[in-house]
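Peer 1: The primary structure of each chain is shown beneath.
Protein chains: 2
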Amino acid sequence: MTHFAELLTPEQVESIHETSLEILKNVGMLVHNQEARQRFVEHGCQEDAGTEIIKFPNKVIEHFLQSIPPTFTFHGRDPKYDRTIPGDGPLLVTGSSAPDIIDLETGEIRRSRSDDIARIAYLVNELLGYDIFSISVIADDAPPDQFSLSRFYPALKNCLKPIRGSAPNMHEVDNILKLGALIAGSEAAFWERPFITFQYCSLISPLTMDVESTEKLMRLTERGIPSYGVVAPNAGVSSPLTLVGTLALANAEFLAQATLEQMSRPGKAIIYEPLPTVADMRTGAYAPGAIETGVLAMGCTQMARYYNIPCGGFVGLTNAKTNDAQSGYETGMSTVSAVLAGADLLNMGGLLDALMVFDFSKAVIDNEIALMLKQVARGLRFSQENLALDVIAEAGPGGIFLNKAHTARQMRTAALLPEIADRSVRGQWEAENKPDSQAKAMRRVNEILRRDNPVLFSPDVDNRIQAEFKGLVAGDAIAVK
Amino acid sequence: MTHFAELLTPEQVESIHETSLEILKNVGMLVHNQEARQRFVEHGCQEDAGTEIIKFPNKVIEHFLQSIPPTFTFHGRDPKYDRTIPGDGPLLVTGSSAPDIIDLETGEIRRSRSDDIARIAYLVNELLGYDIFSISVIADDAPPDQFSLSRFYPALKNCLKPIRGSAPNMHEVDNILKLGALIAGSEAAFWERPFITFQYCSLISPLTMDVESTEKLMRLTERGIPSYGVVAPNAGVSSPLTLVGTLALANAEFLAQATLEQMSRPGKAIIYEPLPTVADMRTGAYAPGAIETGVLAMGCTQMARYYNIPCGGFVGLTNAKTNDAQSGYETGMSTVSAVLAGADLLNMGGLLDALMVFDFSKAVIDNEIALMLKQVARGLRFSQENLALDVIAEAGPGGIFLNKAHTARQMRTAALLPEIADRSVRGQWEAENKPDSQAKAMRRVNEILRRDNPVLFSPDVDNRIQAEFKGLVAGDAIAVK
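One line per chain: the protein sequences are H and U, in this order. Residues in the first sequence are numbered from 29 upward in steps of one, following my numbering. Residues in the second sequence are numbered from 29 upward in steps of one, following my numbering.
Check each hint, because a few of them may be wrong.
Remember, identical chains collapse to one label, so a pair may be satisfied in a single copy or spanning two.
[As the list claims (entries may be wrong)] Within a straight-line C-alpha distance of at most 27 Å, the following computed BS3-like cross-link-like pairs (lysine-lysine) qualify:
no.	residue 1	residue 2
1	Lys498	Lys462
2	Lys53	Lys432
3	Lys108	Lys206
4	Lys206	Lys53
5	Lys83	Lys206
6	Lys108	Lys402
7	Lys53	Lys87
8	Lys53	Lys83
9	Lys53	Lys509
10	Lys462	Lys108
11	Lys108	Lys432
12	Lys432	Lys83
13	Lys83	Lys462
14	Lys509	Lys108
15	Lys108	Lys498
16	Lys432	Lys462
17	Lys498	Lys432
18	Lys83	Lys509
Keep in mind that the hints were calculated from the coordinates and are not lab data.
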């Protein structure tokens, strides 16, 4: 792409930046974590006595913005899946942490489990559109004290791509890092290419940092553990009911969080990860599927580009309960907006019902959308050779192109050859029992999950892991019959 | 929007323009219509003896490009629906001329009829997302010699928005213009605000103009009848299997057509209307639903903007046979691409199965997509007031926005309030029998088509029309029970 779509003029971008600074200077952040308040004050912020409110002089923000690196790297268990943004983007990522799943065998909704995560991980490993596996569901069968291990273990065991997830506290983070070291062979080997990235939500809109997750932000950051946080104001509920007001607030929250990160470890790589939404004011419903999520993502992307920080949030999520037209247009439209605005990463795949439910067939359909998004980013592939003037002359007016050598050479690469989209003639489609996207995607899910997964750990490594973490879940993707 | 997405640098745009000129100068157009060949030659082109091939010196193209106006106006039967592009865009338009329809009562596919057109016209009249009704289907019940009348009459009778359609020959065009005059009250009244626009396909890719439709192009243009033509190369079949090669060819074909139009009537307003596609090379299937249609539309839009000509083609069509996820993401993704590239008009609504089938519920779903596209084009609505710094200060850190006067004021306008997208909680959705987009859209179709249509002609006008055109179809939208 030679020029991204911009909804704001350079002056408007400046104005939003300045409004965010105003918010942080005059309204401030409510910081419940005492150590964080102390850290803010030590680095030049003011605390309003007795209120836990921190106010930020402009120069503090401006100073700490400067140490944020312009790139972020994800490592995969297999280095061929390493990705650095910008450059390798747009990276397509699964949606995270749904509590429920549509059961693969029964089609019924239920709580998700660790064996679901194993299957999803293997599916994501095999689907070319996804660059990163953000652990899509919760493990309801996790043993006590192994809430996060029961998610990361099946994820890492069944997928060679970068794994991203969250953990409620540093004890669980440390267990996951121990798991990483066991997989890599040693701590040193893990830290050479740390293939685990953490995400946290330390911020509660409007303008509030809580105790525990802010603690986690500081510890993860101090130790240089790959990690970054999300900012998610909901217009009408936790931010003003205007798009630019919500953008200014989200941006202020990002700046406060980024400042604390850079105070904790200057030069720590992060991602500007927003999820601003607009509530449906008829009912108060959470509406991440709304087109405004895409429009806001375009605004955030423009802010991140202004700061020269890699950008990528949750965009392309849907409110649909099933794989109907809504699930297609909600995921498709907002993601195209974000990609054409220059977003480096999109958390978009596999979830239905406003992040509540994972669905295997939705993940396959979204993989196709992911591949389509990469085609959009690839653009027209201009070159003198691709202009093909000689082929046009060879065919001549009224001529044909099907039989040209040039056509044969371009056959596999000129366009995406989709697996889900139906392009058959109606008679053929009827003869095949009128499969819709859902049916075709489910067929593909079963095709993949019927195979043996070759990416598992060696028995040796697996034994060491099971010895270290007694009672750990099996973590295997049970083959579909 | 302050900057459109651009896939090409200014130099690459120049290069495509020059490649198109090269094609027209050295490869030329095969022009079967003798009068058109003569007109080209009279205005400075050369005819290759005995081949019907016309070659275009660069200066001829450059000269005639200059008289194309930068705007195009559509008139509605009711002036409140008048639209001029650019300015009023993006205009959302129904897809055209499908032979088949999914029967509203039986759900079965069958040939479409004039009473279907009447119902579709009224539906489009009531759906806020559509700006123009391009007559979506054929009238299989047309009496002899009234093929086009049987389409335009029910369309005009049931819809106050601008009507666009095609007619096979000038005899039928004249009948439709007579119909227009009867509706307007007089010929003069019609020509003051001509609420009918014609579209033609005079060009067959690659680089061929046929006899009859080129004749029609010349007559429509000479007489200043609102009209424009479509250019539709299919990469791999009728153009090179590269995106920029197909873009250069489509652009050359547009330039040849536009040149003939300007030779026929300098200053005639037109639209740069492309439909370049890429064939699915696994089967040769026609694939307008492919994401490459969106990418090519972005390229065409950039060329049209370079020439300063209003631009709008067929984009957002789908290959899906039913209202599944594919129908949603195919229509949604390509249209967002085109809108963010600056397209002024999109023919996108109501058709399934690669332009073969009209579906009422698809039209309603696409209306919601149309409204979403307008939100994308509307952008962030930046203003100092919308930045809402005072409201953010009023709520304060940890505060709430739901109870603010500002929130109440923005309630209806901050975001689109969709009718089809489901945002309910799962329990409620299950209690309502799990409606998908298709079910909700069909409910909306029935809701609208159960009402009496108040936009019909007066009995007086209708009597005059029926007297003029003996045996004309009834043209009424039969109410749904």
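Peer 1: With 27 Å as the alpha-carbon cut-off, assign the pair lysine 498 and lysine 462 to within, between, both or neither.
Peer 2: The answer is neither: 49 Å in one copy and 43 Å across copies each exceed 27 Å.
Peer 1: Cα distance capped at 27 Å. Does lysine 53 pair with lysine 83 within a copy, between copies, both, or neither?
Peer 2: within (5 Å within a copy, 68 Å between copies)
Peer 1: My question is about lysine 53 and lysine 87: at a cut-off of 27 Å on alpha-carbon distance, are they close within one copy, between copies, both, or neither?
Peer 2: within (10 Å within a copy, 62 Å between copies)
Peer 1: Go through the copies and call it for lysine 108 and lysine 432: within, between, both or neither, with a Cα cutoff of 27 Å.
Peer 2: Neither: 35 Å inside a chain and 52 Å across chains, both beyond 27 Å.
Peer 1: Classify it for me, lysine 206 with lysine 53: is the Cα-Cα distance of at most 27 Å met within a copy, between copies, both or neither?
Peer 2: For lysine 206 and lysine 53, neither the intra-copy (41 Å) nor the inter-copy (69 Å) Cα distance is at most 27 Å.
Peer 1: Is it within, between, both or neither when you check lysine 53 against lysine 432 at 27 Å Cα-Cα?
Peer 2: Only across copies: lysine 53 and lysine 432 sit 22 Å apart there, 66 Å inside one copy, limit 27 Å.
Peer 1: At most 27 Å between C-alpha atoms: does lysine 509 with lysine 108 qualify within a copy, between copies, both, or neither?
Peer 2: neither (31 Å within a copy, 61 Å between copies)
Peer 1: My question is about lysine 432 and lysine 462: at a cut-off of 27 Å on alpha-carbon distance, are they close within one copy, between copies, both, or neither?
Peer 2: neither (35 Å within a copy, 51 Å between copies)
Peer 1: At most 27 Å between C-alpha atoms: does lysine 83 with lysine 509 qualify within a copy, between copies, both, or neither?
Peer 2: So lysine 83 and lysine 509 fail the 27 Å test inside a copy (59 Å) and across (64 Å) alike.
Peer 1: I want to check one pair: lysine 108 and lysine 498. Are their C-alpha atoms no more than 27 Å apart within a copy, between two copies, both, or neither?
Peer 2: Close neither inside one copy (32 Å) nor across copies (73 Å); limit 27 Å.
Peer 1: How would you label the pair lysine 83, lysine 206 (within, between, both, or neither) given a Cα cut-off of 27 Å?
Peer 2: The answer is neither: 38 Å in one copy and 73 Å across copies each exceed 27 Å.
Peer 1: Is it within a copy, between copies, both, or neither that the alpha carbon of lysine 53 lies no farther than 27 Å from that of lysine 509?
Peer 2: neither (60 Å within a copy, 63 Å between copies)
Hints 1, 4, 5, 9, 10, 11, 13, 14, 15, 16, 17 and 18 from the earlier list are contradicted by this structure; the remaining hints agree with it.
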